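*Asks:* Each chain is listed here by its residues.
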Amino acid sequence: MIRVTEDDFNVADEYRALINDNGKDGAVVFFVGLVRDMNQGSKILNLQLEHYPAMTEKALQRIVEQAKSRWQLGRVKLIHRIGSLSINDQIVFVGVTSQHREASFQAAQFIMDYLKTEAPFWKKERTPEGERWVDANDKDTEAKSRW
Amino acid sequence: MIRVTEDDFNVADEYRALINDNGKDGAVVFFVGLVRDMNQGSKILNLQLEHYPAMTEKALQRIVEQAKSRWQLGRVKLIHRIGSLSINDQIVFVGVTSQHREASFQAAQFIMDYLKTEAPFWKKERTPEGERWVDANDKDTEAKSRW
Amino acid sequence: MEIGNVIKVLFFASLREKVGCDSMIFSLDDVTTVAELKKALIKYDPQFIPVLEGKVLSAVNQELVNDNFKIPDDAEVAFFPPVTGG
Amino acid sequence: MEIGNVIKVLFFASLREKVGCDSMIFSLDDVTTVAELKKALIKYDPQFIPVLEGKVLSAVNQELVNDNFKIPDDAEVAFFPPVTGG
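Protein sequence lines correspond, in order, to chains R, E, W and G.
106 is the number of the first residue of the first sequence in the numbering used here; add one for each residue after it.
106 is the number of the first residue of the second sequence in the numbering used here; add one for each residue after it.
1061 is the number of the first residue of the third sequence in the numbering used here; add one for each residue after it.
1061 is the number of the first residue of the fourth sequence in the numbering used here; add one for each residue after it.
In isolation and in its complexed conformation, chain R is listed as follows (with noise of 0.2 Å):
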């Protein structure tokens, strides 16, 4: 349900996984963050992705478990990567199956808001300009605040 890696995901191997003998559901929501070029007004040639081993995988385990709670789902799936992406690269995959779409998609948004102000990663990027940890955005923080 829950993966941290340096590999990337394939996102057809996830969405088959997410459907197959699955006949109940009939909404499937995924999301899936990439590397963009630009960030906070700076080019962006690669980023690092830190994170705090021990922490992670309960982090995100709680969040699953929490939005699984909050509404009636089939299935869910979250991967995150860390070490070395480039440009362009997946970084997170959030998939969620229900029987009808109003849970999936409120329920992958939910993942996404918890994941981007409680789940223990950091960025660093290398721009032009050198290196960088990126800031955290308060709209996550009132995303987050919606749940």
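If you're looking for bench data, these hints aren't it; they were derived computationally from the structure.
Computed from a predicted model, the values in this text were never measured in an experiment.
Note that CB positions come from ideal geometry on N, CA and C, so glycine has one too.
Heads up, a few of these hints could be off.
What the hints assert, rightly or not - Residues on chain R that point at chain G, a partial pick, calculated with CB under 8 Å:
id: 1; residue: 138
id: 2; residue: 163
id: 3; residue: 196
id: 4; residue: 220
id: 5; residue: 221
id: 6; residue: 222
id: 7; residue: 223
id: 8; residue: 224
id: 9; residue: 241
id: 10; residue: 252
Unchecked claim - List time: in silico SDA-like cross-link candidates among lysine to any residue, alpha-carbon distance up to 25 Å:
id: 11; chain 1: E; residue 1: 129; chain 2: R; residue 2: 146
id: 12; chain 1: E; residue 1: 163; chain 2: W; residue 2: 1129
id: 13; chain 1: W; residue 1: 1078; chain 2: W; residue 2: 1142
id: 14; chain 1: R; residue 1: 182; chain 2: E; residue 2: 150
id: 15; chain 1: E; residue 1: 182; chain 2: R; residue 2: 117
id: 16; chain 1: R; residue 1: 229; chain 2: E; residue 2: 204
id: 17; chain 1: R; residue 1: 229; chain 2: G; residue 2: 1083
Fit chains E, W and G to the given chain R structure using the hints.
*Replies:* For chains E, W and G alone, kept in the frame of chain R given last:
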């Protein structure tokens, strides 16, 4: 951007087309709607999707344009199948990219809410008890009213 | 007979099955709105009562409209039940 | 010397770089809460002032906690900046 077709679609191909050479967008949200094995209390054997050919693409185009005028979106793809469909078959695909996740999540939901209430498609289900037209869902009308 | 406002009327899904026909041509001079077209159809054949009363959506020239919408000449008017795609 | 409450303190990301070290062991008898641990660290070395003041998140035994959280014996306490994953 819009496709109305009897043919199945491939989520992996659609995903690739959304992210290829798209360094500026950090978020991709997709929704896939599938034929469920149960609906409104009956086992479903298969279903037939009728539409109003002269109107369908026009209606979908308008929905996508409304979404694009409300949120800053990168790419949008909307596919809806017609004709004969079996359990677990893919019915509808919505894929949206944007710089940040909020716009993609909102737009994908907006598109689905409008599609569910304004696009001229009708499902006829075959159940062990016979054929029946699917009833429109009040929840879909409510969902639309939030926008 | 002079032909005035020629309207093509389409029916879809359960409405098409109730009417038993997917398309009709009407020449109706006094009809200006969708509501009036419904009344004229019912007057022409009371079998339209169960078809056109209740939750029926209307499109004129492939755009959803409400009952007060004025129908232009040579329009394509469609009646159908609430949609159930997606 | 009697060793009382042994605490492992971890730093991540920009805090790790500021401290120049990712992990320390402290034996601090009077420390019961996260706030007191911060004070004790600053008293031990004023270089912790710019590290621990401002927006710092704290986790005790891998769970996010606030400043009033009571630290159990043999805990792992982590300090880090607001997270930026996803």
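*Asks:* Checking against the hints above, which ones are violated?
*Replies:* Structure breaks hints 10, 14.
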